[in-house]
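Sequences listed follow chains A and B, in order. If you count the first sequence from 1, you need to add 1 to reach the working numbering. If you count the second sequence from 1, you need to add 1 to reach the working numbering.
Rather than coming from a laboratory, the hints here were simulated on the basis of the structure. Hints should not be assumed to be uniformly reliable.
Which copy is meant is left open, so a pair is good if it fits within one copy or across any two.
[As the list claims (entries may be wrong)] List of simulated lysine-lysine pairs, DSS-like, C-alpha gap at most 27 Å: (1) Lys272 x Lys101; (2) Lys272 x Lys65; (3) Lys101 x Lys186; (4) Lys101 x Lys65; (5) Lys272 x Lys186.
Please read all numbers here as calculations on a predicted model, not as lab measurements.
Each chain, written out:
Protein chains: 2
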Amino acid sequence: MTLEQVSLNQAHGGQQGVWRHQSAETGGTMSFSVFVPPHEEGARLPVLWYLSGLTCTHANVTEKGEFRAACARHGIIFVAPDTSPRGEDVADDDAYDFGKGAGFYVDATQAPWAPHYRMRSYIEQELPALVAQHFPADMARQGITGHSMGGHGALTIALRNPGRFASVSAFAPIVSPMQCPWGHKALGGYLGDDQAAWRGYDAVALIEDGARLPDLLVDQGLADGFLAEQLKTPLLEAACREAGIPATIRMQAGYDHSYYFISSFMAQHVKWHAQRLNQRAG
Amino acid sequence: MTLEQVSLNQAHGGQQGVWRHQSAETGGTMSFSVFVPPHEEGARLPVLWYLSGLTCTHANVTEKGEFRAACARHGIIFVAPDTSPRGEDVADDDAYDFGKGAGFYVDATQAPWAPHYRMRSYIEQELPALVAQHFPADMARQGITGHSMGGHGALTIALRNPGRFASVSAFAPIVSPMQCPWGHKALGGYLGDDQAAWRGYDAVALIEDGARLPDLLVDQGLADGFLAEQLKTPLLEAACREAGIPATIRMQAGYDHSYYFISSFMAQHVKWHAQRLNQRAG
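So here's chain A without its partners, still in its complex pose (with noise of 0.2 Å):
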């Protein structure tokens, strides 16, 4: 698998980096972003992972997220893939909330999605082999955090991979795709009208169903406009109670949904997966 460099810039003593790729799964040119902090000749990393939310690319969290400052300073590689597949023969839609931009880290079963919206696999298997392949990546060692849509890909992804991600959180997260109106729209698109199948989509659907994380951090806005309506943190606080999950869900007054709110706790966060991922062997 070869990699295209889009634009490479020294920053915080490391390397940010925009890459575009040939993606077999999404069957289409796909750009994601990886910084590459300072780090000794011949050491791997750990990984920390950040999906991006609904209208996002690589990009939005790249230039406005104050990720790297605390990556530098924990030795962390932090990679924002692209939020759905791209291209001009990928199928479309006008809103905002649904088809490009708007992937929802799902394999899609419906027509016309099904050919190019494939980002669960995209993420979970074709994006992490190329990772491996390409930077100083200790495959061994990952996290996983996201915003919003993308809080809910990393909660469903890290919950169907048990093992996979020694640290898991969250920004504002769709705690329930199933109980809100964002994820009727995209569910029912993507997937279907058979609930059955959405369970593996959902955060709290999968808590439900046995499946679960070692803890979590959640950071939500009290001023968030879509918390009450699409985000329903408390679905997800009472699913982490009921299963024994220790997740510390912390509700921030005054905190929009927007970059102002991720980038003021960005750092916390990308420290609470430094001190996991650093107790893995390196």
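Starting from the structure of chain A, add chain B where the hints point.
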């Protein structure tokens, strides 16, 4: 003078705002951003001015500058103005380095620029009065910094206003517009052919003519493609040495001209300003 709120987001415990107002100096609507860190009610806080480079508005540093964590830690208000007059009736040029987005912090004397291109008076007089009126600012404690064209602005404004700024720094500044193509085009266009008028807008010339700074911090990337032809850091280094200005000028290996460079050293600049600003009586 009234201010219109464009946006206000909680960030790093403080408030990141974007504001709009009718400017008497530029004769149109101007936007700028202000970060107010968390503080005790009634407190007056030091102010750090950040002047942006060619093609930028307040938005670039506000989104990519990574200044808020440091400003919150040190209790500093961060103000980011625009780089030129704006509006449909404002003269412009197709080039990126002249006209809108390229005001060079001068008061233009030449047609068709003179009516609106009054960024010197806007930054030195009008905007500080507005900031003093609307924010919890201690105007006895001001620092100034900037990037590229904005580094030129920061240096020249500080040199022309002795005693106003307790702290001065710059990221990859244009140190002598009289000695580079960007500067010749801009100063010639805005001020006319008489180079005597240019000297008040040239940091190296101002120092040669007797202006002084308390001290100075400059970071400059060695992988910056504009260094040799446009920025010419060694000219500033020589002028400071000759004049006895204690200047810390750091040539940073591997860094380019982008916000990846700026954000890498922003926290160090904010700390450097804070050390000086917080020495003055609060």
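Cross-check of the supplied hints:
no.	hint	verdict
1	Lys272 x Lys101	neither (32 Å within a copy, 42 Å between copies)
2	Lys272 x Lys65	both (18 Å within a copy, 21 Å between copies)
3	Lys101 x Lys186	within (14 Å within a copy, 44 Å between copies)
4	Lys101 x Lys65	both (21 Å within a copy, 25 Å between copies)
5	Lys272 x Lys186	neither (35 Å within a copy, 48 Å between copies)
Consistency with the previously given hints fails for numbers 1 and 5, ordered from lowest to highest.
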